[in-house]
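**Q** Chain order of the listed sequences is A and B. One gets the numbering used here by counting positions in the first sequence from 1 and adding 102 to each. One gets the numbering used here by counting positions in the second sequence from 1 and adding 835 to each.
A portion of the hints provided could be inaccurate.
Stated by the list, open to error - From chain A, some residues computed to sit far from chain B (all C-beta separations above 12 Å):
{"no.": "1", "residue": "PRO110"}
{"no.": "2", "residue": "LEU148"}
{"no.": "3", "residue": "GLN166"}
Said to hold, decoys possible - Using 16 Å as the maximum straight-line C-alpha spacing, the simulated EDC-like pairs for lysine to aspartate or glutamate come out as follows:
{"no.": "4", "chain 1": "A", "residue 1": "LYS198", "chain 2": "B", "residue 2": "GLU917"}
{"no.": "5", "chain 1": "A", "residue 1": "LYS138", "chain 2": "B", "residue 2": "GLU937"}
{"no.": "6", "chain 1": "A", "residue 1": "LYS210", "chain 2": "A", "residue 2": "GLU117"}
{"no.": "7", "chain 1": "A", "residue 1": "LYS206", "chain 2": "A", "residue 2": "ASP185"}
{"no.": "8", "chain 1": "A", "residue 1": "LYS153", "chain 2": "A", "residue 2": "GLU169"}
{"no.": "9", "chain 1": "A", "residue 1": "LYS210", "chain 2": "A", "residue 2": "ASP120"}
Hints listed in this document are in silico derivations from the structure and should not be mistaken for laboratory results. Source: prediction; values computed, not measured. In this text, a Cβ means the ideal position worked out from N, Cα and C, and glycines have one as well.
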Amino acid sequence: GQQVMQIPQYQHVQEGEDFTTYCNSSTTLSNIQWYKQRPGGHPVFLIQLVKSGEVKKQKRLTFQFGEAKKNSSLHITATQTTDVGTYFCALYNFNKFYFGSGTKLNVKP
Amino acid sequence: KAGVTQTPRYLIKTRGQQVTLSCSPISGHRSVSWYQQTPGQGLQFLFEYFSETQRNKGNFPGRFSGRQFSNSRSEMNVSTLELGDSALYLCASRQLAGENNEQFFGPGTRLTVL
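Excised from the complex, chain A in its bound form (with noise of 0.2 Å):
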């Protein structure tokens, strides 16, 4: 079945450092969805990547769509301990969505 990897697993930061977790995929992707689950919480959709090498921001959020549209990654500038979660990527394809493993990161104080 369709298969998404993510890197890494886990990241603990300092407050104020920059945090980075990256997708792949061995096929080409239609389109990418990042969400955030916060501990305790729901995944919360944050945005969807369509277009090859799009790229799109949200304040401290920085979200590409590679050129080949087989990885993607999300980067969070400054981080704060509102960051604080785990961070999934997931493609839709076959009628399905599918779910990277997701990076959980904690951000020390």
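Start from chain A and add chain B according to the hints.
**A** Then chain B, alone, in the frame of chain A:
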């Protein structure tokens, strides 16, 4: 607009029992998907319903089933519970089936099987 609601929020069952979980999507959303979330396996797709029809199904045994009603509310049922079914069960709704729309997740039902 009210968000996705799930009931119950917590449930404790014993092996061999069955359980029914409920999900009410956002008003106007016709698609409801169910996911199982565990620390080891992450978020895994169970099935999606659209207009009362199961649109697709993940790789779960037949003990996992679901349905959707005419008001788009959905239920999932797990029969003959096993210890490994302990998980957070999330439902997500979206307006239409298809690839270009975001999913809105409910708070989940935490199922513990003893």
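**Q** So which of the earlier hints does this model not fit?
**A** Hints 2, 4 contradicted; others consistent.
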